[in-house]
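Asks: Sequence:
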Amino acid sequence: MLAFMAFSQECLPLDQQPSQEIHVAFSANNETYLESGGVGAYSILKNANPDDFYHFYFFITEGLAKSGISERQKKAFDALELEFQGRCKIEIIKIENLSRFLGGVNLRSWGEAGMVRIFLPELLPHLDKVIYMDCDMIVQVDFREFNSLIDRINPSDFLTLQEQDFEAAYIALSNAKMEENSIAGVLDISGYRNQRSLCEQHGICDFSAYIDGGYQYINSGLLVMDLRRLRRDEFSKRVMNWLRKNPHSQLPDQNAINAVHREKIHTYGMHYAWPYVNKGSDGSKEIKVLHYVSTFKPWKTREGI
Numbered sequence: 006m007l008a009f010m011a012f013s014q015e016c017l018p019l020d021q022q023p024s025q026e027i028h029v030a031f032s033a034n035n036e037t038y039l040e041s042g043g044v045g046a047y048s049i050l051k052n053a054n055p056d057d058f059y060h061f062y063f064f065i066t067e068g069l070a071k072s073g074i075s076e077r078q079k080k081a082f083d084a085l086e087l088e089f090q091g092r093c094k095i096e097i098i099k100i101e102n103l104s105r106f107l108g109g110v111n112l113r114s115w116g117e118a119g120m121v122r123i124f125l126p127e128l129l130p131h132l133d134k135v136i137y138m139d140c141d142m143i144v145q146v147d148f149r150e151f152n153s154l155i156d157r158i159n160p161s162d163f164l165t166l167q168e169q170d171f172e173a174a175y176i177a178l179s180n181a182k183m184e185e186n187s188i189a190g191v192l193d194i195s196g197y198r199n200q201r202s203l204c205e206q207h208g209i210c211d212f213s214a215y216i217d218g219g220y221q222y223i224n225s226g227l228l229v230m231d232l233r234r235l236r237r238d239e240f241s242k243r244v245m246n247w248l249r250k251n252p253h254s255q256l257p258d259q260n261a262i263n264a265v266h267r268e269k270i271h272t273y274g275m276h277y278a279w280p281y282v283n284k285g286s287d288g289s290k291e292i293k294v295l296h297y298v299s300t301f302k303p304w305k306t307r308e309g310i
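Just so you know, we're using our numbering here: the sequence shown kicks off at 6 and counts up by one.
Take every hint as true, because none was put in to throw you off.
Calculated pairs, DSS-like style, for lysine-lysine (alpha carbon to alpha carbon, straight line, at most 25 Å):
(1) Lys242 - Lys134
(2) Lys99 - Lys80
(3) Lys99 - Lys71
(4) Lys80 - Lys51
(5) Lys51 - Lys94
(6) Lys134 - Lys269
(7) Lys94 - Lys71
(8) Lys79 - Lys94
(9) Lys94 - Lys80
(10) Lys269 - Lys242
(11) Lys242 - Lys99
(12) Lys99 - Lys134
(13) Lys79 - Lys99
(14) Lys51 - Lys134
(15) Lys134 - Lys94
(16) Lys250 - Lys269
Now the in silico label distances, taken between C-beta atoms and shown as ranges:
(17) Glu185 - Gly73: 39 to 45 Å
(18) His131 - Asp83: 22 to 28 Å
(19) Leu87 - Lys134: 23 to 29 Å
(20) Gly73 - Ser104: 15 to 21 Å
(21) Glu268 - Glu86: 38 to 44 Å
These are computed hints drawn from the structure, not numbers from a lab. Keep in mind it's a predicted model, so treat the numbers as computed, not measured. Ideal placement from N, C-alpha and C gives every residue a C-beta, glycine not left out.
Construct the entire structure; sequences and hints are all you get.
Replies: Written out as structure tokens, the structure is:
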């Protein structure tokens, strides 16, 4: 039986809350991902409270940082700012030297762009909070809903939970604050199973301790990050140290975040970032954020985004 925190009766409805300035970060190492990230930003604005202001940070790395973005993409971003005039700002930030901070880290087949989220506390020193979002995600609700968090759950409860039960289980949300947790993310059941197997095969002690402690495993594609606390905890440094000690980690940034920061993670329901491969036949009306995981990218499917 899953226990959830009760709804706060004192919390105002989303549309009655004061206007907010919300900061969202993306990262891309090629034009295709950058364009998809722009679509993600559009989906956020399309569903946003018109009183809120969104500041989007697009970090570009590797070849894209050296060549710069195309005129076509610049015009697309200009058009986005024009359509939502006064409601958003788009900032392009080049990172050409990230590799020098990754000495000794085995990224396997993953590019440098995925590591940007690890360094956001240092890359955005003027911010206390940011939402990191992968470029292959589409938002279908007001981002204010990310104030709704669920209580801590034992991951073992989900190993036998049937797929059709996920939505019913997560319908009971709360409006709890992050309290002492400095990262909030979406529960990744398949990732938890996969990484448990990985630990058994490679004997990654730190991650075994994570599993044995009954902590939750989150997907790193959508993160609410308390940058002030992460800077205080030397989050980036600790993640890099873990990755150097665990070169066999198949999901570098995701495993490291879960292993290093396991005691300070809060969790969202899966329908906050539902994998595209699991999309129901009736569409995705109840899904908050659609995540095109693995090879299921919008630019590779017939229906697109």
